[in-house]
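> Residues per chain, in single letters:
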Amino acid sequence: MSSHSPGKSPIKTDGPRFFVRYLLVKLSSVGLTDRSMVDHLLGIEGLSKTDIYRYLDAAHSFVEVSERDIKKVPTLRGKTIVHVFFEPSTRTLASFDIAGKRLSADTINVSAGSSSVKKGETLLDTVRTLESMNPDVLVIRHSESGAARFASQYLSRSSVVNAGDGSHEHPTQALLDLLTLRQHFSALKRGIEGLKIGFVGDVRHSRVARSNIWAHLALGNEVRLIGPSTLVPREFAAVFGSSSVKVEHDLATGLRGLDVVVCLRMQLERQDEHFVPNLDEYSKEYCVSERLLKQLAPSSVVLHPGPMNRGTEIAGEVADGHRSLIRRQVNNGVAVRMAVLYLLARTVESHEVGVKGE
Amino acid sequence: MSSKKSTVIHGGILVDASSDRDGEFDLLIENGRIAAIEKPGVLKDKADVERVDAAGSWVIPGRVDLHVHLREPGEEWKETVQTGAEAAVLGGYTAICSMPNTKPANDSAEVTRFILEKAKAAGAARVLPIGAISMERKGKQLAPYSELAKAGCVAFSDDGDPVADAGLMRRALEWCLMLGLPLACHEEDRNLSCGGCMNESPLSLKMGLKGFPGVAEDVMIARDIELARFTRGKVHICHVSTARGVELIRRAKNDGINITCEVAPHHLVLDEGCVHEYDTHFKMMPPLKGHEDIEGLFAGLADGTVDAIASDHAPHDRDSKLVEFSRATVGILGLQTSLPLLVEMCLKGTMSRKRMVDLLSAGPARSFGLPYGTLKVGSEADVVVLDPTRRWVFSEQEVRSKSKNSPFVGKELTGQATHVFVGGKRVVSGGELVR
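Chains as they are written, first to last, in the working numbering: chain R, 9 to 366; chain G, 3 to 437.
Since the hints were made in silico from the structure, they are not lab data. All C-beta atoms in this analysis are idealised placements derived from N, C-alpha and C, irrespective of residue type, glycine included.
Output of the computed footprint for chain G on chain R, the stretches with three or more beta carbons under 8 Å from beta carbons of chain G:
1) 127-141
2) 153-167
3) 173-182
4) 245-256
Computed spacing ranges between beta-carbons, pair by pair:
5) G/26 with R/164: 51 to 59 Å
6) G/138 with R/136: 35 to 43 Å
7) R/243 with G/351: 30 to 38 Å
8) R/289 with G/138: 39 to 47 Å
9) R/249 with G/350: 28 to 36 Å
10) R/249 with G/394: 36 to 44 Å
11) R/243 with G/433: 45 to 53 Å
12) R/293 with G/253: 37 to 45 Å
13) G/394 with R/136: 33 to 41 Å
14) R/243 with G/26: 51 to 59 Å
In isolation and in its complexed conformation, chain R is listed as follows (with noise of 0.2 Å):
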């Protein structure tokens, strides 16, 4: 804290403290009103543990859907879901698309490179203009943290699903790895609970990272991040509120007694900003290795949100083999987010009831 003693002082230095408190009270409700009465999904942060057991639970329903020769089940026909990418997506895209089109919903897919995005519409604009369709469902990809609360904050009808928005949230990705986890320990007679969790990577930039991190802290798992000090600070200790969260850069402290390894993407787009020398440097320090593995983590499965940097992160060996649940995770994609658009789209369905019997 600072140096002076605020005994002597003429200005006494509670002041800012007071202020803040006084101000957040008094600004609770700045800037943008919440209108919105229907549900959404921005984020796992905030869930409680019965909150994420709702949607694996229904997920868990869902995957035999998609076992069946018939995929498909009327559940949300009559519905329509709009996917609006601001960034490009194969696999979240395809999975949501696949996820509507198996519930009978509508899906739209509009992409920032064929929409009004391009002729310099504003987010708002592009959302609000959509929403003016009465879609039930909007899933949002943006490449700037915030974006989809941002736009839920505007739209009154329409259910938002945050598919990724920049380095902030993907809860969809947190929610397959959850249900993709409690398959393989349910197997093992084991819960998902009571879990030793490691993120190898570029955490800084992962919102992956950062929704699962959530979700295991509400189910009480210890949470390790690993890697360099660039993309893995020490402050990151301090961000969830949680003594369960450690920060370790050295990979084989990290991977001491983990039961799941989460091995991060790293973005070659950014090595512009200097958070590592070169990727040759990065992986002989972090790659995760079936022979570090072996011998600090015997028992632990790999988890990767794609798409994989085979040789940076992650070792091909590591991938493809027994311990990987990479395939799994791709597959339960669809599932978990047949699970959340059913219950949203099922919560905008009740609002509805719920004002007509007013």
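With chain R held as given, fit chain G onto it using these hints.
Okay, now just chain G, sitting in the frame of chain R:
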């Protein structure tokens, strides 16, 4: 701006740091100047004067704002010289220094004169233009300082953009030393701030927003201190927001370096936590800070390291704030809200009112060498009667600026400038503009 008519302001508590007064005094304005300051009753029998009852109010020097963005020429939909100058007097400012980041930038006598003509027509606060340090504020070529000074510029700044080229900064300091004018520096190393849109902290990590580390400001303050030491030029540090920055300036002052600095009110009363919902109204440059830095700013206010509180009034239209956080414009209105925020600090005992008045008037005037911000007999009658207990709502209708980008819009505030005199002419009466 002078008025023939005499005015007596009586019954109030006169607070003036430059004449070391804080007590019951009556004040006589004649011919646009302060003609007398007397104990209560002495001016009672003065005939043929307009009388202003200041009972329960504070009578303070007109406030001087070193840091205002008026947006004219070029972005008149955000603010004009007139609306800015009117918002200023409503907020108790009688002299405002306008930053040169207009379009075109104020890097020529034509632009300076244009602003001054608009200000004269507005007939509200004095507008004192700040010229650019470099042509078009691009940091490549020196602006014509002598031409700008003769046209009426009171300081030079590339505000909004730091002067990255230390060689250019050195020559600018040398040239402006001849003119006796300060360089007002926006301190930011862009290689360190690197597009950061909020304070770098655990919160920025949590929100997934690019952080702006405080050290990006500190290293440039350190550089300019050394350049000021080397050239003996006059440096004024704009909107210091870090504890470390204050400490560097404190040491520089102890070393006898010709340096002053200002703090913006929002850096004192708001903290980085305000952005937690990605509310673009709280996006500032430099960004709002954590408590350790805020404590450092208050320590600087306490021991005199900080010379001035400057609003950094930055009007922006609604659309430029209705976007993704990282893409939103930076800044907040300040002219009408800073007074109540600071008065509240005084009333809560955070700061003595004499010190506050110094930071709002004599301090800034001293920083730029301006003849304002004082109630000494003989000086220009820039006087504010301030009712520290008046509660009012800063509603959209009350916002005199063309833009409404303030988190305080719609909030109840305490303390208002009820009567404002500029050069003896009353421009605000009963809290409203005199038409």
